[in-house]
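> The chain contents come next:
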Amino acid sequence: MSTVASTEPGTRPTPPAGAMIGRISGRRVFVDRLATVLVWAAFVLALVPLVWILWTVFSKGYALLLDAHWWTNSQARISPRREGGGAYHAIVGTILMAAVTALIAVPIAVFTAIYLVEYGRGRFARVVSFMVDILTGIPSIVAALFIYALWITVLGQAREGIAVSFALVLLMLPVVVRSTEEMLKLVPNELREASYALGVPKWKTISRIVLPTAAGGIITGILLGLARIMGETAPLIILAPYTAFINNNLFDGNMAALPTLIFTNFGNNIQPQLDRMWAGALTLILLVLMLNIAGRFVARFSAIRR
Amino acid sequence: MKLSRTARLGGLALAGSLALVACGSDNNSSSDSSSTSGAAASGSSSAAALSGSLDGEGSTAQKNAIDEAIATFTQNNPNAKVSYNATGSGAGIKSFNGGQVDWAGSDSALKTDPGDGGAASETDAAKQRCSGNDAWNLPLVAGPISVGYNVQGVDKLVLTPSVIAQIFLGKITTWNDPAIAKLNSGATLPSTKISVFYRSDESGTTENFEKYLAGAAPADFTAKPSKVWAGKTGQGAAKSAGVAQGVKSTDGGVGYVEWSNAKDNKLGVAQVDNGGGAVELSAESAGKAVEAAQPAGQGNDLRLKLDHATKTPGVYPIVLVTYEIVCSKGLAADKTALLKGFLKYVAQADTQKGLADIGYATLPDAVLSKVNTAIDAIS
Amino acid sequence: MSSTTGRSEIDASPSGDLAGSTRRIGDRVFAGLSVGSGAFVVVVIAAVAIFLLVRAVPSLAHNQADFLTSRVWNPGGASPAFGIADLLWVTVISSIVAMVVAVPISIGVALFLTEYVPARLARPFAAAIDLLAAVPSIVYGLWGAYVVLDYLDSVQTWIGDAFGWIPVFSGPGIPNSIFAGSVILSIMILPIVTALSREVFAQTPAAHKEAALALGATRWEVVRTAVLPFGRPGVISASMLGLGRALGETIAVLFIINVVRGDFSWSLFTGGETFASRIARDAGEFDTPEKTGAYIAAGLVLFLLTFAVNAVARVVIERRKAFTE
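Chains as they are written, first to last, in numbering that gives the first Met the number 0: chain V, 0 to 305; chain U, 0 to 378; chain W, 0 to 324.
Quick caveat, the hints were computed from the structure, so don't treat them as lab data.
One or more of the hints may lead you astray.
In silico negatives: residues of chain V with every beta carbon more than 10 Å from chain U [what the hints assert, rightly or not]: (1) Arg22; (2) Phe29; (3) Leu37; (4) Ala148; (5) Gly198; (6) Thr219; (7) Asp274.
Lysine to aspartate or glutamate pairs mimicking DMTMM-like chemistry, simulated, CA-CA at most 20 Å apart [claimed, not checked]: (8) U:Lys181 - U:Glu279; (9) V:Lys203 - W:Asp26; (10) U:Lys192 - W:Asp152.
Note that beta-carbon positions come from the ideal geometry of N, C-alpha and C, so glycine has one too.
Just chain V, with the same shape it has in the complex:
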């Protein structure tokens, strides 16, 4: 009687005693081992820039972050060429603009993905999908120019934080739509069919069964989108110039943000500015990191195990 082969990936089934099947040829073993080495090497190679960049930003930027003033004070009344002040105005600005962007973009994106996967059929669905593809291709600078022309030239408004949020919505939408769409497509059909068989209406099926199943991946997509837009500098430069003062009002006046804080301090090789630049970069990374970790936390709790 032959022994039952184990089906765990990665283990070779042991040939039954006395079987005619010989051992695996040396060449195949070599190729297998080579593949393992290469794959491990790829991973290590991918980690190198990550560690390097995090180490660089951390080592150059941590000093200012230890100062309590960094987190509570703005740059008001501080000459940029001197030390002092903090980044509160930039931190709050970044968070506010990102929050408003997500608030606008995520519902639209998720519903668009739902439309494409669950409802769409025929020409309109193809057009919408086509349009999302186009949206993926807009460079941030062009999105910023469009909002500039729309909000400022045509509507006559001033340059303010909300305009940046609109531009960032354009950039976040396609990322979230595509990743949500992929996730929704990967939800097995049996779940939907079982739900319909029990008489659950379509909208409940989608919101209670399909979405939670895909939730982990959707949240990852949202986070990738947020991470991307938090670092976008071009819309900020055009639509909401930097100011050293605190401004919590998205609808009035210049608003500071971490990317523009970094950009303003870039280039001048004076120590206080270099310090501020790296500290701002570290703050931005920490902010995004916190979002990432929080997101994984949420995803772990809410995802229905597949």
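For chain V, the structure is supplied; the task is to place chains U and W on it using the hints.
Showing chains U and W alone in chain V's frame:
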């Protein structure tokens, strides 16, 4: 239900981050009293502290100077919020004409030629922005443009406008070229290749440098001065700081940067011989160039015409004057007082002296008194 | 029994309660929201497209030079002449090099995270790679410009010495080169390609893998025969997304790659500008509608480029019907 748990967690995170918004302070009392314009601060003549908010935009060349001035000015006037966004002269003028900022900083005065495609000239557009009143160009910050270099073993370098033009246009390619050696008879110049760095972005610094070359070495530099660097040799780096960094990190590098950037990056600064002997760059020698400038505007419009081909000894000829472009009338009442106070502060003799420490030239008294008259006339 | 992922056949033709006017309110509202969101996207794109065209066409009409083949860029003044040949070359070559560098490594990492990693370490390692996506592009620009350039310059010199006879690697290089920019770009797109590839590889039907194992395959052969073919469309789609990202990257390129004018060179080791970096660089000087139109025309070309890339990706996906068990 799992969904409501998610919602609760999410709500918690949101509330937490909103709480962060509530605590923060603009109150940065400066602890260092060693600010160079600190002396001026105590002598400030404004009796009652000014308040309100003011936004300016424009030239990057004067950014360092304006930032310093804003820092000490807002310390003396804690209720005032002044911000200056250095996006470039063109962007500044555009925003000013569009009514988005209260004043613009520009490396050249408002143009009087009509714009492309029949659009209004900058002067006319500004007049429209000021509700029919003229806009004035007030020179407040003078920044020398230095020819920064990084050549091993060379501490002193003398160049003439013609040689400068040839270097930047790629006609002279090594440092030990006879044309350069002739001007520097004492020094041993290495055979390193010359690496030219220029501004890749549109810039008033480029325009003024080109104006100088066109005025002082017209035989060598024939292009029409514009904000875009005309040469084809070398590399373009982002902003003066990028150029300075490029020069600093390349042996044999040379570039044109504002003096403050050259100082910050510790580049060698070339002495310029415009025909009256080699002149070292200093606040005084650059200031003399502004002193010799001819007024080209009427009344309180103080645009200046610099003489780039000057042969007067002791004058450093490559100077950039940034104008603050303001409405003579027509700015909102609450902002007018603040604007006048701020401009007067920058025009103060002490402030100007302080600017010299960070790489700017001091404006001569003759010019400053005219500027003060004009500021007083703003209403 | 096989079934398609995505929509079920059941609700293709609703009947009974779902048919006709007895649709529940919830269904109507939900469907309305979904269709509305889709329509919003269409309207936004239409608005952007119309705006871009309206602004670009007058400038193109006045253009004295051939837009697609000229290397001159003088959009302002009385007789504007501008062409995008340089921009097109630099944009395309930098993005392709970035993709060529990033995709093999991404596939390797994705395989590692799905097939080779010890089970307990899977999540932390995956999180580590996702961290690369968390780094904003401006920080990549800073790190690239201040820290990595010297190292990349040494690599560049080595490649130039060894392979200098190939036109792409020829000539004396500058540290702030297209090559340096491409390497940084590849690091930036790596996490995107990896994350999506990883998701796709993880969805490989266990039955396929088990079938391969039952036939006596080694781990690599399982990957080669079951995982990679199943994931190929997903990987291509992920690569295209990465390519699109690289095409449009603005700030990092602005900080790292220096501008070089002068004669055209095939070399990667010289400088240049991409569409995005030139538009961003000159964004402060959009004095007149004509001049702005030239830049918008350049932006349009970039747009079309990225769209073409995405279209190819879609074709690849559609050609293969999704199947699962």
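> Does Asp152 (chain W) lie within 20 Å of Lys192 (chain U) when you go C-alpha to C-alpha?
Since the Cα atoms of Lys192 (chain U) and Asp152 (chain W) sit roughly 18 Å apart, the hinted pair holds (cutoff 20 Å).
> Since Leu37 (chain V) was said not to touch the interface, does its Cβ keep a gap of more than 10 Å from each Cβ of chain U?
About 36 Å separates Leu37 (chain V) from the closest Cβ of chain U, which puts it past 10 Å; holds.
> For Thr219 (chain V), which was marked as not at the interface, is the minimum beta-carbon distance to chain U over 10 Å?
Correct as stated: the minimum Cβ-Cβ distance to chain U is 14 Å, above 10 Å.
> Find the nearest Cβ of chain U to the Cβ of Arg22 (chain V) and say whether that gap is larger than 10 Å.
50 Å, holds
> Within a Cα-Cα threshold of 20 Å, do Lys181 (chain U) and Glu279 (chain U) meet the stated pairing?
18 Å, holds
> Compute the least Cβ-Cβ separation between Ala148 (chain V) and chain U, then decide whether it is above 10 Å.
12 Å, holds
> Should the label of Gly198 (chain V) as a non-interface residue stand, given a Cβ cut-off of 10 Å to chain U?
19 Å, holds
> Minimum C-beta separation from Phe29 (chain V) to chain U exceeding 10 Å: can you confirm that?
46 Å, holds
> Just double-check Asp274 (chain V) for me: nearest Cβ-Cβ distance to chain U has to come out over 10 Å.
Consistent with the label, Asp274 (chain V) stays out of reach of chain U, its closest Cβ about 14 Å off (over 10 Å).
> Does Asp26 (chain W) sit within 20 Å of Lys203 (chain V), going by the straight-line distance between their CA atoms?
The given pair, whose Cα atoms are some 8 Å apart, holds under the 20 Å limit.
Checked against the numbered hints above, the structure violates none of them.
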